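Make the full structure from the sequences, and use the hints.
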Amino acid sequence: MIRQEKISIRTGGRGTTDVTGEIQAMVQKTGVQTGLCHVFLHHTSASLMLCENADPSVRRDLETFMTQLAPDGDPMFEHTAEGPDDMPAHVRSVLTSNHLSIPVSNGRCALGTWQGIYLWEHRHQSHTRSLTVSIQD
Amino acid sequence: MIRQEKISIRTGGRGTTDVTGEIQAMVQKTGVQTGLCHVFLHHTSASLMLCENADPSVRRDLETFMTQLAPDGDPMFEHTAEGPDDMPAHVRSVLTSNHLSIPVSNGRCALGTWQGIYLWEHRHQSHTRSLTVSIQD
Amino acid sequence: MIRQEKISIRTGGRGTTDVTGEIQAMVQKTGVQTGLCHVFLHHTSASLMLCENADPSVRRDLETFMTQLAPDGDPMFEHTAEGPDDMPAHVRSVLTSNHLSIPVSNGRCALGTWQGIYLWEHRHQSHTRSLTVSIQD
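Chains as they are written, first to last, in our numbering: chain A, 1 to 137; chain B, 1 to 137; chain C, 1 to 137.
Be aware that one or more of the hints could be misleading.
Since the list can't tell identical chains apart, any single copy or any two copies may satisfy a pair.
List time: in silico SDA-like cross-link candidates among lysine to any residue, alpha-carbon distance up to 20 Å [to be verified]:
#	residue 1	residue 2
1	K6	G21
2	K6	S105
3	K6	K29
4	K6	T113
5	K6	D137
6	K6	A25
7	K6	N106
8	K6	R108
9	K6	V32
10	K6	W114
11	K6	G112
12	K6	M26
13	K29	I9
14	K6	H42
15	K29	V19
In case anyone wonders, no lab produced these hints; they're calculated from the structure.
A quick note: this is a predicted structure, and the numbers were derived from the prediction, not measured.
Next comes the structure, spelled out in structure tokens:
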């Protein structure tokens, strides 16, 4: 059986938002003990990521890495309709992911000790991002 | 319950093929209203990607980016058995993905407004690529 | 119905470990004929990857590529708490994946002829890595 819910997250421009709490609360509300939790992002210029959750410098370094790998305003990009961060945002999205699937065990997403679920905004402006969470048992 | 079907897609060499229509038709045929649609590519030198579907320059820029990141014939590569695009194709596949999981809502893959499902061929020659589509409710 | 099992794999430091045999044995034990097999890695400095399984030079070249893309000890990284391979390991994990979902057909993971399932350790030291395998029909 699949329970599905759509939520919106407001991002603060380029950077990560920890959504672990929201996802865990949705799993607990369903009462599912053993199953799978699927999270889907309805956008192509942001990502979902499982990342180290203890030291914020990890997320800063990922930002630095991506900024160097796909620089804003790189003249190789033709698609600049929405500005210099438009195409780099699509590149980052394709190199990471826009869906996650996590086992549910003992009524919770069975994340590793250092794993958090992050929404990674790649555009400089803040956006409202839609996610669909599907929980199965 | 899981309905599973295997399909073949003929690619035209390096580049993207929009398979959104095929996948949506398979979902509709099952009659599933709320569920999940899983698409799996049985190859390691092509990818499945959710990408911006409005402006073809986005896919051209992704091609340009990948060509620069993992150039054909790069002397660092040892595995050249099938030619200069052999190893870059594996690199591209590993950096992107060969499986997608998309929520089904109201009888359709609940894609974002600008999300399309693309098969991305990384070899220069055209190939017949196999996909398995699994639809759950 | 979802059957779930947690396993541990000992890695030998940076490099790949073929786990196809373990996963296939777990699928066969459940007796599931048509379904999905989900594999989840509870860590952010290692990856799960579907990769060419015939020629080991492919995995060597992927290692070479990643070493060049995210070099150990790169001064751009701030997060060096666990040494020069700490942050590159997180980068590699984010660029690849820590979960896989594979169709089960005829009682087996329906991998392509050249697809193997690999645990990719990104740290130089050997580690014990936990995976949860969830099998659905």
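Check: What are the numbers of the hints the structure violates, in ascending order?
Finding: none
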